[in-house]
Amino acid sequence: MSIARTPSPSGPSAARSRLSAWWTPPGTLGLRQLARFGAVAVQLALLTLVVRTFDIESSAFFRVMTIACGGFVLHHFVPVRARMAVFVFVSLAGIAMVLGAANAAQIVGLGLVLIGLAHLPVAFGWRLVLVLAVGGLLAAARVDAIHTPLSSAIWPIFGAMFMFRLIVYMYDLHNRSAPFGPWRALAYFFMLPNVCFPLFPVVDYKAFCRTHYDEEDIGIYQTGIEWIFRGILHLLLYRWVYQHLLVGADTVETALGAAQFMVTAYLMYLKISGSFHMIVGMLHLFGFNLGPTNNKYFLSESFTDYWRRINIYLKDFLQKVFFNPIYFRLNKRMGGTSALVVATLVAFFVTWALHSYQWFWIRGKFPVVWQDIAFWSIMGALVLGNMLYENKYGRQRSLKKVRHSVASELKLALRTVGTFVVVCMSWVVWSSESFDEFTMILDRLVRADAGAVLWMLASLAGLGIAAVVVGRADRRKVGAATGLAKAKRGPAPIWGRAYQVAASCVVILFVAYAPLKFSVDPAISNVVDNLKTSSLNARDAQMLDRGYYEDLTNVVRFNSGLGDLYNQKPPNWDRCWALHPIDDCPDYEFLPNKRVMFKGAMLTTNRWGMRDRDCEKRKPPGTYRIAITGASHEMGTGVGDNDVFDNVVEDRLNRESAAGDSIRYEILNFSVAGYGPVQRLVDLDRRVFEFEFDALMFMAIDDFYWVVKDLIDAAQGGLPVPYEHLRTVMRDAGLDRHTSYAEGVKKLNPQREELLRWVYAEVVQRCKDRGVVPMAAYIPHSKRIKPEEHAVVVRQMELARDAGFVVIDLTDAYEGADYPGLWIAPWDSHPNAVAHRLLADDLYDELRDRM
Amino acid sequence: MEQQAIHDVVKKYILTEFLPGEDPDELTDDTPLVTTGILDSLATLKLVTFLEQKFNITVEAHEADIENLNTLALISRLVHGKL
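Order-wise, the sequence lines are chains A and B.
Counted the way the numbering used here counts, the first sequence spans residues 4 to 854.
Counted the way the numbering used here counts, the second sequence spans residues 142 to 224.
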């Protein structure tokens, strides 16, 4: 249940009257009030330091926190009439500081247009039409359907500010159910924390106005401090789960692994609840005494209870704008129960639509994915069923603390556990790549052995106990809240709460900095160090490395660490206009004679459709020629034409040979992004061997991963794999168009060594048949790898050597470098020009030694 | 109808429907009902239906919120204002 504040009469005069009861002009501030304010300020400073130390959210959020610190102090000491205006200026300053003056001007300008339209002196219907029309134009601009001078960087934040709040604002405007004014409107739409958060709670306009200094100011500030702190704890817990516990479906082998997948998928919501706590906590610092955004949702005891806890602002928004109006209209016509059913189903349909609408503004796409539809349908059905049950049988309520029996506590525990399990299963639906993947997870779960069952039951029992203990504490709070209503409210007691927050911050900061001064167990030190950065977990880093996540919408739906990075990614970052689809395997190739910008660098293809300089098929006399096949790293994704490592090596060989040898060198680069070993073999047969060359360099990072992915992609795409042996393997493994990636991995991973050995043998044989030296070169990952991953790299080199390749080990090329400094962008770990030079130097040394 | 009479009728309904067995003295004019979860979304709808039928008034959807329904005093004021 929510513990929010009792509303006071609303309206500007009422607000000033309330505030004047608590606000003491600066000249008459007593020491006691100053001390209380100082306690809040000290806590805020400590929290800002924690945010900085642990790199909470982003560097932009730290800047907003520092603005909030200064704005908070300034804002508190100005007269009550000026506080809303000060908040507006602080908010606008925040937008300008984070997004830049130009982007800020665009956001504010567009916002003023919409606000102005909402207040035109015409009938409300016309205002609504105009707002919708302008909204439609903006939506068209969002997807580049119409050309505007607007920056693409503004859309996620502009959308977050207006997409929901404009609906609420227009609703209250239509019903004249709240006070309106220019400062309120500006404060409501441009509120300070929003500039950092594309995902933002749906703050209700009436609540925003009503709760402004509706209680003693220091008490409101202290609540805000506690919520910011709680939000930080959520985010640190999220980070720890994300880095250490989150697993992918393709790695689930056992029942406990399946349970871990389910629970950690649900725990990813901590990212949202943590952010929302910090956002609303920050608003408290400026007097907005808003209610909590979530309330211990893991301990929900029913589906309606879950719906009321998980995202309270969204629930209130849906109830206010959709559920109540529909129910009130239908109740008289079709009766209460029918109206309840229709209103609930519509509310959940709207919930699904609004989620996709939200992603439209953030990513420029309106996702219609079965996982969302299934999830919200399941939730809607569960909540509706629960509501119908409560409608008929009611639920227990009490005004004071009630003694509960063992039987009732046991029922509460069982209800909580049952709700938790069902909600986890729903989250698995939402986070599964395919229905087959979902059933695979369930299949692993039901094959639990006795040990796994005991572990799971013990964990659920712990959850049940927590539900009982926390439930008792909540019931005491409700009793206190009803009791407070009887007593006259005085200044909120803050000292005990302030000491708790301040002491906790000091402890957290000590833990963060202790390893720098004292000798600490490396295991603990590593955990603390990882908590201090928002780095990708091993799986996401690997997937980023492999370019696996192409459907950004699928990634960002869960706000994984990768999703956060991708939210910064410019639209169409991954689109390469030099590639075109073909009816073959692989099913795309370079177009010839193209010159395009790709990932921030010029990419030129020659007349043969290679990302390379022009050349003849026959090598010139007196030339030693090497042909390279590889994927995106070797292709030089995001790097200028002359900075790709093969051109750097070629230029150096020729520069230094001009001083001595008479021989010239050419390196032909046939690499194409996304080509795994099978596809490179096909490419050899299709075009590479039409060229004359002396040596073939078959380049890779992790061919074990790609040989499996190549076959899964071929099966899913129905591509014509030209090798009978591989078609047989695919057939025997049961791969087809409906096989999910996780399933495909499960089926093929046991055979990946055999598959790779076969491909390598085929390549070597083709080289020998043509008198070409077969070389296999391995380049480094774009990240530090674990010992077990290095063992995989070593093993593939052994297979290559066994097959007859001359193996060139370039895996130390980036040794000692700062890896993110070698990436083309924070969200894209392809090697940049610096990395290509390191690679080129290493390759040059290897070639010089061998030639 | 006097506001006190409205207050008594509403109080009796809330105690009977949502707080059976509770001490009536615990439910005061200022006891928060919405913010403490006594009146959740379903209970709010039931209360509004009762008010409309009992007092022959119409409560708009936008009026069924915390500002008008959080305490007995607020509910009585809402109803009295519509009579």
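Calculated directly from the structure, the hints in this document are not laboratory data.
Heads up, some of the hints might be wrong.
To be verified - No farther apart than 30 Å at their CA atoms in a straight line, the calculated lysine-lysine pairs in the DSBU-like style are these:
#1 B/LYS152 x A/LYS318
#2 A/LYS620 x B/LYS187
#3 B/LYS195 x A/LYS395
#4 B/LYS152 x A/LYS395
#5 A/LYS335 x B/LYS195
#6 B/LYS195 x A/LYS786
#7 A/LYS749 x B/LYS223
#8 A/LYS335 x B/LYS152
#9 A/LYS299 x B/LYS187
#10 B/LYS187 x B/LYS153
#11 B/LYS223 x B/LYS187
#12 A/LYS318 x B/LYS195
#13 B/LYS195 x A/LYS414
query: Checking against the hints above, which ones are violated?
result: 2, 6, 7, 13
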